[in-house]
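**Q** Let the sequences and hints guide you as you build the complete structure.
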Amino acid sequence: MLRYLLHSIAALLAAYGLLGAPTGAVAEPLKVGFVYFSPVGETGWTAEHDKGRRVMEEALGDAVSATIVENVAYGPDALRVIRQLAADGHGLVYTTSFGFMDQTLEVAGLYPDATFMHLDGYKSADNMATYSLRYYEPSYLAGMVAGAMTKTGTIGYVSSFPLPAVLQIINGFALGARAMNPDVVVKVIEVNSWYDPGREREASDALFAQGVDIVAHVTDSTAPTLAAQKAGKMVIGFHSDRAQFGPDSQLTAVIPVWGDFYTRVTGSVIDGTWTNAPMWDSMAQGVLAIAPLGPMVPQDVVAQVEARQAEIVAGTFHPFQGPVRDQSGTERIAAGTVIPDADLYSMNWYVEGVEGTLPE
Amino acid sequence: MLFRIEPRAETSRFMKHAAPLLSALLAMAAGSLLFLFIGHDPAYAFYVFFIVPVSDLYGIGELCLKTSPILLCAIGLAIGFRANVWNIGAEGQLIAGAICGGGLALQLQAFDGIWVLPAMFVAGALGGMAWAAVAAFLRIRFNANEILVTLMLTYIAGLFLSYLVYGPWRSPTGFNWPESTALHEAARLPRLLAGTHLNLGFPIALVVACAAWLFIRHSYLAYQMEVGGKAIKAARYAGFGRHRMIWMGLLIGGACAGLAGVVEVAGTIGKLREVVSPGYGFAAIIVAYIGRLNPLGIVLASLLMALFYIGGEQAKVTLGVPSAITGIFQGTLLFFLLMSDLLISYKLKWTGFSTASGLSEPHGNG
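Sequence lines, in order, name chains A and B.
In this text, residue positions in the first sequence follow this note's numbering: the first is 61, and each later residue adds one.
In this text, residue positions in the second sequence follow this note's numbering: the first is 94, and each later residue adds one.
It is possible that part of the hints are untrue.
[To be verified] Take a look, some chain A residues computed to stay more than 12 Å from chain B by CB distance:
#, residue
1, T212
2, D243
3, K290
4, A351
5, P352
6, M356
[To be verified] Stretch-level coverage of chain A by chain B, calculated; a stretch enters the list once three of its residues show a Cβ under 8 Å from a Cβ in chain B:
#, stretch
7, 122-129
8, 142-151
9, 156-167
10, 221-230
11, 405-418
Keep in mind that the hints were calculated from the coordinates and are not lab data.
C-beta: ideal position from N, C-alpha, C; glycine also.
**A** Here's what the structure looks like:
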């Protein structure tokens with residue numbers, strides 16, 4: 061009996077020595093925190109981030125364990141939650157809203173050993189980087205679909221706020237639409253909110269009443285899709301593929317694909333290759349897509365869009381390549397040139413064909 | 094209607110003190126079921142909710158930080174509520190205070206005297222008062238219901254703040270994001286304890302609570318307001334002017350909420366942004382009632398409310414529960430607290446299936 065026990069212990073020690081020791085003690089999983097400003101819903105901004113989080117957990121398996129904190133208010137609450145995550149040993153924290161910028165920066169200063177990734181901001185530190193996506197690329201493709209499909213030649217856009225990030229999306233869309241049909245006009249209504257089903261619905265209906273037959277949006281609810289479905293019009297979705305809410309109306313949707321992104325960035329923190337260089341990823345990196353085109357889109361349009369998508373991914377086509385004129389007809393991007401990233405960051409003008417006013 | 098709610102002939106002194114304890118126990122029981130249902134050990138969940146957040150100095154600092162704006166708003170509201178002035182728009186008055194106090198700081202960037210902060214507080218209080226004064230004026234001049242007016246003014250204040258930070262006050266170096274430039278150091282509340290975020294806002298809130306206690310206990314005006322609230326005819330007979338009470342009730346509420354706005358902007362946020370409060374002005378309405386409109390009670394109630402919020406977030410981080418669960422638990426606690434308060438002075442009476450109406454006629458108040 062005693063002998064058996066000793067044997068077992070020896071065997072165990074040997075096994076540990078052979079299997080455990082050479083690889084170093086089995087690494088603790090990297091704890092990854094995700095801070096969301098809204099609850100994880102069925103579709104939309106936070107839902108897409110959380111989908112990405114699940115893909116990342118699946119892909120990295122035992123190497124990570126993720127914590128999500130949803131519905132976090134900006135300001136002191138965000139500061140406390142981000143700090144709490146770092147204090148609980150999270151080696152990597154993603155804060156997925158612009159409003160968390162200052163608080164993320166402050167906690168990054170307190171926890172130099174943890175890594176912080178902040179979405180859509182412009183402040184960084186040695187252990188904090190920013191990340192965002194070039195939404196104007198899939199938006200250009202969606203614009204092509206809309207430009208080909210509109211019968212009235214007028215497309216509506218339910219906008220949120222006149223920020224550069226939003227103007228890039230609307231302008232990219234308008235350029236795509238006018239590439240297919242140079243006479244297309246894009247009418248913009250701002251609802252001054254990222255998420256307000258009531259006002260998004262009103263704005264969509266108002267656009268339909270003005271002769272628009274396709275509505276696109278830079279807001280987060282299903283209201284424009286539902287409005288289009290009800291009115292028998294067409295819609296370009298945003299943030300999520302919402303075909304289930306508009307089976308007869310959704311032409312396509314502009315969607316982020318966070319899974320591979322979060323897998324890649326989390327992996328880089330685990331293997332020590334992470335840097336604080338700002339990330340502004342594009343379709344080439346697989347972080348953006350358009351939803352499958354609806355059954356109403358004819359095959360030749362599908363083919364043209366697919367061809368353009370291949371060029372964007374290959375880097376041979378840029379949605380903002382000159383000549384591009386603004387609303388007043390002034391040339392903003394000269395023929396043969398491509399807009400510099402700095403100009404995209406500070407974009408405060410609409411391209412020709414967009415009807416809408418911007419604050420000075 | 095199967096039940097009627099009737100006033101009790103006399104309220105039990107014992108129950109008056111035992112009720113909060115009883116309601117807490119009932120809420121715990123309901124909360125236990127909730128946590129068991131989603132597969133968490135209730136004892137551990139309660140530990141995470143109520144003990145972990147305040148288990149160190151940093152946590153206590155956070156609790157006080159979170160308490161400050163709720164306490165300020167609730168104190169001001171309670172003075173109005175005692176006079177039957179139904180200001181439910183402290184949120185809007187808070188925003189107005191933030192706009193005025195923060196706006197002043199943005200104009201004073203060249204100055205770093207010690208007077209900058211006091212000036213911001215005066216501006217914030219005046220801003221909150223001005224916002225509440227609109228409701229007072231409309232109430233007195235046109236008999237417009239102050240519940241509706243104060244509530245609607247809240248949305249106007251929020252949109253006005255949006256306009257400012259998207260337009261004229263937008264930071265020129267902020268890539269067009271809706272934020273002002275950061276307030277300079279002289280316009281920020283000093284932190285009181287190293288290693289915490291606790292700032293001067295909490296002592297200010299406590300001073301205001303003490304002042305409110307003195308005002309309610311010792312001033313003739315507060316007495317008049319209270320009589321006017323409890324028995325309007327008696328007040329009229331005594332010659333107490335109702336208009337003055339409405340003005341005072343709303344202006345004091347507005348001033349306190351305005352101070353809360355400055356505390357937030359000059360405290361942790363440090364700038365004007367699209368949203369400066371996650372609903373402190375609305376939470377303060379419940380807090381004022383849990384505290385039974387009494388300043389000491391309100392201090393305790395706002396600490397409790399702040400703990401609910403912080404515990405809720407702690408549970409999200411540590412237990413990984415969705416925010417809906419913490420919301421349900423917070424709601425359950427409040428439900429039992431407010432229900433026990435109601436049942437101290439009222440009773441449910443079985444009326445069978447035939448009676449048509451709900452609430453019985455209130456007895457002649459006062």
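**Q** Next step is simple, just say for each hint if it's right about the structure.
**A** Evaluated hints:
Listed as outside the interface, A/T212 is consistent with that label: its C-beta sits roughly 31 Å from the nearest C-beta of chain B, beyond the 12 Å cut-off. For A/D243, the requirement that its beta carbon stay farther than 12 Å from each beta carbon of chain B is met, with the minimum near 30 Å. At roughly 27 Å, the least C-beta separation between A/K290 and chain B is larger than 12 Å, which holds for a residue marked as non-interface. The claim that A/A351 is not at the interface with chain B holds, since no C-beta of that chain comes within 12 Å of its own (minimum 27 Å).
Against the 12 Å criterion, A/P352 stays outside the reach of chain B, whose nearest CB is about 30 Å from its own CB. Here A/M356 stays apart from chain B, with its beta-carbon at least about 37 Å from theirs, past the 12 Å limit. With 3 residues having a Cβ less than 8 Å from any Cβ of chain B, the stretch 122-129 of chain A passes the three-residue criterion, so the hint holds. Coverage of a stretch by a chain is defined here by at least three residues with a beta carbon nearer than 8 Å to that chain's beta carbons; for the stretch 142-151 of chain A and chain B the count is 3, and the condition holds.
Remark: the stretch 156-167 of chain A is confirmed as covered by chain B, as 3 of its residues place a Cβ nearer than 8 Å to a Cβ of that chain, reaching the required three. Look at the stretch 221-230 of chain A against chain B: 4 of its residues bring a Cβ nearer than 8 Å to a Cβ of that chain, three or more, so the hint holds. With 3 residues having a Cβ less than 8 Å from any Cβ of chain B, the stretch 405-418 of chain A passes the three-residue criterion, so the hint holds.
Hint compliance for this structure: every hint is met.
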